[in-house]
Amino acid sequence: MKGTRARGLTLHISLIAGVLVSLFPFYWTVVMSTHSSTEIFQYPPKLLPGSHFDENVHHLFQKIDFFGSMFNTLIVAVSVTFLVLFFDSLAAFVFAKFHFPGRRALFVIMMGIFMVPAQLQAIPQFVIMAKLGWIGSLTSLVVPAAANAFGIFWMRQYMKGSIHDELMDSSRLDGCGFLRQYWHVALPVVRPGLAFLGIFTFMAQWNDYAWPLIALINPDHVTLQVALSQLNSVNGTTDYGMVMAGALLALIPLLVVFFIGARQIMADLAKGAIR
Amino acid sequence: MTGVGAAPTLGAPADDGVRSVPARAKPRSVLGHWRLYLAISPFYLLFLCFGLIPVGFSLYLSFHRWDGLGSMEYAGLSQYRYLLSDGQFWNSLTNTLIIWAIATLPMLFIALVTAVMLNSAVRFKNFYRFAYFLPNVTSVVAVAIIFTSIFSTNFGLANAVLQGLGLDQVAWLNTDWGIKISIAVLMTWQWTGYNALIFLTGLQTIPSELYEAARVDGAGPVQTFFRITVPMMRPIILFTLVVSTVTGLQSFTEPQVLLANTNNTSTFAGGPGNSGQTMVLYFFQQSFDNNDFGYGAAIAWGIFLVVAIFSIVNWRLVQRGEK
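First to last, the protein sequences are chains A and B.
Quick note, our numbering runs 392 ahead of the 1-based positions in the first sequence.
Quick note, our numbering runs 183 ahead of the 1-based positions in the second sequence.
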């Protein structure tokens, strides 16, 4: 028995070492964002938080329109999340529970879209956006992301398993039309699946970088990630305390959403849902 | 761009059974189903405008010279011919493959070991899962900024540790290998936990009798790991290999943000000597720095070809593993 206990201890020590590596950069962000530039450049490096957080945040707000860009990101992330939840679940409901000509072909086409690499579409999308006059506006971020194959596939699998045909039949006998079946029968049943999709969509939008970098050439409308990266590219004399304060503040809304949804994400991960 | 799509789905579309639809669905005309078509139309309309037309257009574009403003000029295959002899493209391909190799292989190994440990841990399981998943939730931009500071030459933490050990400083973000290693470390940090959790779901399907039998035969943990866990997990290991190959060969944000302030000619250069310039970075540089949209499109198709070849090779491996 002594052997197994020692093994258990080794196990937990290794796992905790992994957790420390995993969490260290977050701690390091806190440390650097609370020190002044002169303190940061000293050797040996400071390992404990300092007292210059206010000052760094002050510089940050002078340098970029932090709340403006956060607000832009929030508008994009929230509207995309709601649009994706609505369009994807509606399409998924159709694919999961109805039979119509061309269903198979349409589904296969949708799955095939996964395989097309995003950069193949980047230039033409930019051209199309320019023709539509959307370059520089948040519309160019929201509209192309408003529905996606991943979400439809995910919701379809979820609905196939959880909305029973009996439920569909009885609701039809009660006189429910298509929309009422979707809204009053399907949606309440798949709420956990929607929560998972919603959290993941929100996080992906919050963190998206490559497309906003191209599409938002008007500096009035940058998103948070683009604004942050601009801070980092000030040549040579980066004020790391300020940049790290920005990185830290940008993390907070995301962490809030993640904490709220963590239980759902972990449950779905455990089922092997993300694949 | 479509966000969530970042996690590619390779699992077979499960029972797409037509028979599961009850017989009551009477054969009706296409028009009779207009509600259904209307309900799925948003995705297909968006796909048409921002997916299919762009892909077709980029094919057309790759045969033309265009700066985005003036008129297009037919160029035939010349841009593809140039691509084959373009040293910078080959450099970016080599960089991408090296970074992929030094990031992905150690990452998958560490993730598998972590998953095995997680699987045998009884307590704090949820806490561990949560902590290991957190890096994957964080934005690559924030992460890259954090790692820029860690790998900074004069005051970075990595060099402080080296100095503390009495070793020489390394100009991480200024040397060929330093740049590649920094990018690989960043990717490893961000994706290990994600893959560990994927592995964990696979581990839970291995019957415990196998492990008991191994223990009875006197196998130690290392032997059990290589003789039972790794062979049993082969399909899922290859699955994660495929996924990380597709994403790894298209890496962009990590090198872009990490190296943006180390080269003042272009933010897509990938640092001094283009040592960290991946294929997608090169694509961005040609397209949006040089406004050479035609050649950019040709590069994009080149990347597509490379990714497709690697995916097919990987897919073959998966097939063989499942026999």
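Don't read these hints as lab results, they were simulated from the structure.
Each hint should be verified, as a subset may be incorrect.
Below, in silico cross-link-like pairs of lysine to aspartate or glutamate (EDC-like), each with a Cα-Cα straight-line distance of 20 Å or less [said to hold, decoys possible]: (1) A:Lys438 with A:Asp612; (2) A:Lys523 with B:Asp475; (3) A:Lys523 with B:Asp250; (4) A:Lys455 with A:Asp566.
Stretch-level coverage of chain A by chain B, calculated; a stretch enters the list once three of its residues show a Cβ under 8 Å from a Cβ in chain B [to be verified]: (5) 404 to 416; (6) 442 to 449; (7) 453 to 467; (8) 517 to 528; (9) 596 to 607.
For glycine and all other residues, C-beta sits at the position ideal for the given N, C-alpha and C.
Okay, the hints, checked on the actual structure:
no.: 1; hint: A:Lys438 with A:Asp612; in the structure: violated, 37 Å
no.: 2; hint: A:Lys523 with B:Asp475; in the structure: holds, 18 Å
no.: 3; hint: A:Lys523 with B:Asp250; in the structure: holds, 15 Å
no.: 4; hint: A:Lys455 with A:Asp566; in the structure: violated, 61 Å
no.: 5; hint: 404 to 416; in the structure: holds (count 8)
no.: 6; hint: 442 to 449; in the structure: violated (count 0)
no.: 7; hint: 453 to 467; in the structure: violated (count 0)
no.: 8; hint: 517 to 528; in the structure: holds (count 3)
no.: 9; hint: 596 to 607; in the structure: holds (count 9)
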